[in-house]
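Colleague: One letter stands for each residue in the lines below.
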Amino acid sequence: MPKPRWHAAWDRLSIVTKVPLTFAVLLTLVLGSMTAAAYAVVRRSAVSAATAQLERVARQMAGVLAEEIESDGPMLRVLVTEPAIRDYLRRGDRAEGEAVQALLREYVAAREDRLFSVELWSRSGERLLSVGEEQPPLPAEQARILVRETEPATGARTGPVRLAGETLAYPVARAVIEGESLYGFVVERRRFTTAPDELRERSALLGASAHLLLGRRDGTLWTDLRTKTDGPPVAVRLDAPQRYERHGEEVLARSVAVGSAPWVLTLEMPWPDVVGAATRFLYAALALSTVLVAAGAAVGSTLSRQNTLPIKRVTEAAELMAQGRPVPRVMLDREDEIGRLASSFNRMADQVEHGREHLEQLVERYRLLFEENPVPMWLFDLETLSILDVNESAIQRYGWTREEVLRMNLRDMRPPEDVPDFLASLTSTGDGWERPGTKRHWRKDGSLLEVEVTRHYFWLDGRRVGLTAALDVTARRAAERAVEESEQALRRANAALEARVQERTAALQATNQELEAFSYSVSHDLRAPLRAIVGFSNILQEDHGAELSPEARQHLETIARNARQMGQLIDDLLRFSRMGRHVMTTGTVDMAAVAAEVAEEARRQDPQRYVEIVVGALPPVWGERSLLRQVFANFIENSMKFTRDRSPARIEVGAVPRDGEVVYFVRDNGVGFDMRYSDKLFGVFQRLHRTEDFPGTGVGLALVKRIVARHGGRVWAESEEGKGATFYFSLPREPRRA
Amino acid sequence: MEILLVEDNADDVALTMRALAKYNLDSLVHLARDGVEALTYLRTGHRPKVVLLDLKLPRLGGLEVLQEVKGDPALRAIPIVVLTSSAEEPDVATAYRLGANSYIVKPVDFQQFLDAVSEAGLYWLVLNYSKGT
Numbered sequence: 001m002p003k004p005r006w007h008a009a010w011d012r013l014s015i016v017t018k019v020p021l022t023f024a025v026l027l028t029l030v031l032g033s034m035t036a037a038a039y040a041v042v043r044r045s046a047v048s049a050a051t052a053q054l055e056r057v058a059r060q061m062a063g064v065l066a067e068e069i070e071s072d073g074p075m076l077r078v079l080v081t082e083p084a085i086r087d088y089l090r091r092g093d094r095a096e097g098e099a100v101q102a103l104l105r106e107y108v109a110a111r112e113d114r115l116f117s118v119e120l121w122s123r124s125g126e127r128l129l130s131v132g133e134e135q136p137p138l139p140a141e142q143a144r145i146l147v148r149e150t151e152p153a154t155g156a157r158t159g160p161v162r163l164a165g166e167t168l169a170y171p172v173a174r175a176v177i178e179g180e181s182l183y184g185f186v187v188e189r190r191r192f193t194t195a196p197d198e199l200r201e202r203s204a205l206l207g208a209s210a211h212l213l214l215g216r217r218d219g220t221l222w223t224d225l226r227t228k229t230d231g232p233p234v235a236v237r238l239d240a241p242q243r244y245e246r247h248g249e250e251v252l253a254r255s256v257a258v259g260s261a262p263w264v265l266t267l268e269m270p271w272p273d274v275v276g277a278a279t280r281f282l283y284a285a286l287a288l289s290t291v292l293v294a295a296g297a298a299v300g301s302t303l304s305r306q307n308t309l310p311i312k313r314v315t316e317a318a319e320l321m322a323q324g325r326p327v328p329r330v331m332l333d334r335e336d337e338i339g340r341l342a343s344s345f346n347r348m349a350d351q352v353e354h355g356r357e358h359l360e361q362l363v364e365r366y367r368l369l370f371e372e373n374p375v376p377m378w379l380f381d382l383e384t385l386s387i388l389d390v391n392e393s394a395i396q397r398y399g400w401t402r403e404e405v406l407r408m409n410l411r412d413m414r415p416p417e418d419v420p421d422f423l424a425s426l427t428s429t430g431d432g433w434e435r436p437g438t439k440r441h442w443r444k445d446g447s448l449l450e451v452e453v454t455r456h457y458f459w460l461d462g463r464r465v466g467l468t469a470a471l472d473v474t475a476r477r478a479a480e481r482a483v484e485e486s487e488q489a490l491r492r493a494n495a496a497l498e499a500r501v502q503e504r505t506a507a508l509q510a511t512n513q514e515l516e517a518f519s520y521s522v523s524h525d526l527r528a529p530l531r532a533i534v535g536f537s538n539i540l541q542e543d544h545g546a547e548l549s550p551e552a553r554q555h556l557e558t559i560a561r562n563a564r565q566m567g568q569l570i571d572d573l574l575r576f577s578r579m580g581r582h583v584m585t586t587g588t589v590d591m592a593a594v595a596a597e598v599a600e601e602a603r604r605q606d607p608q609r610y611v612e613i614v615v616g617a618l619p620p621v622w623g624e625r626s627l628l629r630q631v632f633a634n635f636i637e638n639s640m641k642f643t644r645d646r647s648p649a650r651i652e653v654g655a656v657p658r659d660g661e662v663v664y665f666v667r668d669n670g671v672g673f674d675m676r677y678s679d680k681l682f683g684v685f686q687r688l689h690r691t692e693d694f695p696g697t698g699v700g701l702a703l704v705k706r707i708v709a710r711h712g713g714r715v716w717a718e719s720e721e722g723k724g725a726t727f728y729f730s731l732p733r734e735p736r737r738a
Numbered sequence: 001m002e003i004l005l006v007e008d009n010a011d012d013v014a015l016t017m018r019a020l021a022k023y024n025l026d027s028l029v030h031l032a033r034d035g036v037e038a039l040t041y042l043r044t045g046h047r048p049k050v051v052l053l054d055l056k057l058p059r060l061g062g063l064e065v066l067q068e069v070k071g072d073p074a075l076r077a078i079p080i081v082v083l084t085s086s087a088e089e090p091d092v093a094t095a096y097r098l099g100a101n102s103y104i105v106k107p108v109d110f111q112q113f114l115d116a117v118s119e120a121g122l123y124w125l126v127l128n129y130s131k132g133t
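So the sequences go chain by chain: S and D. Take 1 as the starting number for the first sequence in the numbering used here and just add one per residue. Take 1 as the starting number for the second sequence in the numbering used here and just add one per residue.
With the rest of the complex left out, here is chain D (with noise of 0.2 Å):
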């Protein structure tokens, strides 16, 4: 799997894949619907190209699985791009003093959503020259 997508809400998993489907990477997709799956999951021995990561999550928040990310010499790699409704500038602040490798506002307008996930998607997946590829 190349993608792992945290989100729990699944109007927004199924935009998220049409977004993605545009440049067909929706079938790298692995889906963790909070913050415990993702951290389970990648401490099994995936290796994403590239985590999608929501904030506003059940049980383990999208933060704190950054916050373990990043503090993970194992995971510190892999890079995250926080994927949130939230504009809130504190939020922002925080992501990336945790270690995020992007911060992207979802857009209410379908299209803005479709452009900026797939492009980001494919930015990580096919552009960014990342260790290991």
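Looking at chain S on its own, in the form it has when it is part of the complex (with noise of 0.2 Å):
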């Protein structure tokens, strides 16, 4: 709802105008209504004095012409019963008029200064006779109605005034009786007696201005005694005064009868004179208020000026404050509410100072945060998108100059099918901030940079702003892209060569298959023929060796040897394949006991023989036990077989505990071998001694070495010829990883 105008007007006045300007309003109203009743009370008394006063004066005037009128009343009322008159006026006897005269005459002699004349008048009315100085008649209707009234009357009647010259006249008149008879009447034409200023004297007790007038109650005629004049405007009335205008004046007026005259007597006193105390009062009562308004006022300005003074000087203070000025400190040496604000104040401008310095070096900070940031900044218009600040190293980097960035848009920044996406992803947030990603920019020199933005959103001056900082990442994302490719060459790479692992791989399971089936069918069909070769070699000599000669017998038997040979060899080398496809079954092997029960077996092969053999303390090792029974069997073996020539033939085991691992040796002091062929032993189907001599297919060390191998150990043989051979090999104490 809207303010009246006075109201906003009124808002606007300081207080040192409110103040006081609402003490004179409250006074006036005060004093005014005080003012207006009290006048209204002293008017009205002031009025019904007048006309109390009015109405006495006014009776007493009448009072005074009825005297006269009354005064003379016995003279006449002798007159009247005159006999001559009475005959005069019964017979009109003109004779006795000399009388009649003379006694008229003398009548109105003695009485001249009251009386004009004495007329005789018939029953009808009509003058008869006049004595003295003649008047003119009377009209015919006031004579009647003169007659009239005072016909059933026995006392006299006054008849209506009349001016004449300067004096007032008036009929008086009697009847002439006798008896129930009228004769006619007698009438006196008078004249005032009463000086019109004795009168006015009267009147003056109510002012100089007071008015008298005089006249007919008929009011054809109106006087103020001396001459003929205007009577009141408005139909007279006896029992109340009136007010009206008269002459461009307003009067009070009181009329009175006057005695049974049929006259009016009219006093006037003008209207300011009535009221005129109370307009009186009224005049001082409205300078004392108007005194005492001013005193309010001034009182009123006086007090708000010593509380407001201070106060507008905070104000101003503040004002100051808020221009961002020095701020005087406002000293007020009182403790009131005023003082409590002055000090309030004092201490607000301390902190709105400390705030400002504070604020300053926070500006300061975030402006070098901005322009000495090593990252382009820039301050934007969300709405009209155009650049309102940009920190030096945008400058730097996209290499503008600072006028012509701040006559960019945004828009100009990129490249132009970049910008339906840059004003999608302006539009999509509102405050807060956002990281759109990577986006290209155009550099004054036309390259496009890659720039990581973030922009936040704020308020500036009202109006919507961002801040963008672009993060220059081209060589980055160059370099990642670099990465990536050679990323994805490795991958290629690694790809072909899983697929050619998978190849060989597969190529490999295919040998291995063909392999296994290979030695199945050699288990089986290689060793069918060897034994019937061998079989029947041996049953040609069991059923015929008889007829045989020795040459044939020596021949078979070479056949059959080779044969048994072959058939040894196969199943090395079968056994030897199969170690190779293996899956172990590992515990812990007490070496000892393995090695020992090998001696006992090796004696039990060959009981004719003695051979010393020794077995030391073995520690036990983790593996297979089936697998290290036959590395320990395969050594013992060949130690026996090397050792046939020697008595006595001595083989000895033992272990030699190294770091991590043990050393287990089998020692015999047999033929020995040659040491520069020692790399041989170890290999498949390598011999380092004749056949004829030590038979052997060359495959038992060979299976040695791979099963030492596959427990994680290694194998290797000292040896000097002719004086025995130490074979090696190592396992490692704890179990192989897998």
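Just so you know, these hints were derived from the structure itself, not from any lab. In this text the structure is predicted, and so the values were computed from the model without any measurement. One or more hints might be untrue.
As the list claims (entries may be wrong) - Using C-beta positions, here's what the derived DEER-type ranges look like: (1) Arg658(S) to Ala10(D): 52 to 62 Å; (2) Arg553(S) to Gly61(D): 38 to 48 Å; (3) Asp645(S) to Glu2(D): 28 to 38 Å; (4) Arg561(S) to Ala14(D): 15 to 25 Å; (5) Arg43(D) to Leu497(S): 25 to 35 Å.
Note that CB positions come from ideal geometry on N, CA and C, so glycine has one too.
Two chains, two separate frames, one set of hints: put the complex together.
Modeller: This is the structure we're talking about:
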């Protein structure tokens, strides 16, 4: 709802004005209403006093006049009883006229000062005789009224007044009666003896301005006792005061009857005189009120000044503060609310100044943060997309001058095909911040930068603005792409390699399967013919030996031996090849027990020979018992074989712990071998001795080497030809990690 | 007939017969030249005391014959000795899993072969006290 205009104007007024104005208005209202009430009372009493006085004076005057009218009553009463007059009237006897005239002349002469003349009238009011200074006859109507009024009565009757020169004249009539008979009337034509001035003096009691009027009751004549004049403009009332305007002047009037005469006496008093006292009272009261109002306003002004001046000082200081200018502290030596306001203000001013310093530091800090930031940054208007500010780094990086940048629009900064995305990214968010990803921006030289953009939105001077930080990632992106490409190349190479590995693995598996199929065939198909050869050679010898020459028998024996040899070879070969595919079942193996078991078996194989086999302390290891047994079996069998010519033959089995492993050995005092060929010892089909001397397939040690290798160990041998040999194998103490 | 010899190789048949002859068991032998013959023989009511079964046979292999015999309630009780050249571990394991009563690898050496076969024959025919003996 809009404020009324006065209200707005009032709000704009200073308190210094408002307080005295309020005082004045309040005093005016109070004093005004009091004055009005008092004035009403005073005026009412003034009017009633004036009315009473008017009536009193008017009645006094009427009394004076009535007294004059009545004053000569007895004389006239006597006169009407004069027989001469009666006779004159009764008979109309002119003869007696002389005497009557004389009588009347004497009567008039005696009272010359007040009578113009005396007239005798007939019963019908006709003037029969006039003695004295003759007066104009009464108009017929007046005469008729006078006669009619006088006739039945016994007293005198006064007629209407009239002006006679400067005097007032009036008739007084009295009937001439004898018994019941009316003969006519005696009419005195009187003049006023009471001086008008005397009456006026009386009216002066009411003040000089009071006005006296005398008039006929029928209103046909009005006089101010000297001249004819206008009467009241209204119908005259005799019972109450009247107020009207006459001759342009408002008056209070009181009319009274004058005795029994058909006259009216009206006393007029100018209205201002009536209410004069009240008016004077009003003026005085108004003057006093004005003084009081002025005094009140002055007091209010003083009070408000006393209180508002300090407030004004605070206000002015606050205005200075608002303008950001240095603020004087307001020092007031008082402890009321205003004093507290001032000290609060001072504290606030301190805080504001402190805050402003802090703010300036902050502004400087953020200006540095913006201006000196190595990341290109700019501030833009979100509506127009024009650039509002830009930092040095952006200028350096993009190549435009500051002026050029500030004339630019964000749309111009990027390739046209990127603009729709850019606009969409802007409208998608309101406040806060966003990281719309990597964008492309032009440099002045036409090259494109790849930048990672961060935008913050906020309000600045009533505008929505964005702060963009654009980190140049062109080089990084290029590097990333290069890395990506090389990674892809690597992945391709890996995939190709993988494919080749799989290919080879598949080929290997196929080969392996072929090998297994081959081994199976060998074990079946190769052994069967050998068995036949051996078997039938034996049958031939058994059944037909007697028929053969010793040479033929020898040949048969050779055939059988070779076939057996080949069978052995096949068996060894199969064992060796199976070893490669063997899945080990491992556990802790008591090597001493295994060695003892093998030694016992070896002795049993050739109970005729005496062989000294010594098994030392052998620490247990982790491995597959059956395989390790085979190792010992091979070595001991070997030693048995190569000590066949020794007596005593001696075989020693022992072990030497070394860090993390145990080295086992089998030592004999056999023929030994030439160390120059030791590298061939553990190869398949490699032999250092002729088969004729020491039978064997050349597979045994190769198998040993393979078993030990499967356990993560090594094999080697030492020898001196003719002095024995020592075969070593080392095994790790702990299970090998698969 | 007391012995059913299932063998396709004539040489091995001759050698086996010679081995069995050592204890005069050769006259008790019925020869089947492949797996089908062997099964036919068994399913026609013959109940040999032992079957000497080669693994590598034409038509129906030895392991299949073994599976059929040991899967047949009527034949299950007949002892079957696998007599083969194969010392391959999978063959041995499969044969025993299928219910073979013995598994003998034919040695190349004639003397050993004689000993092995004749002793096996002797064992199963004479020493083994089986059902129906």
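Colleague: Which constraints among the numbered hints does this structure fail? Numbers only, ascending.
Modeller: Hints 3, 5 contradicted; others consistent.
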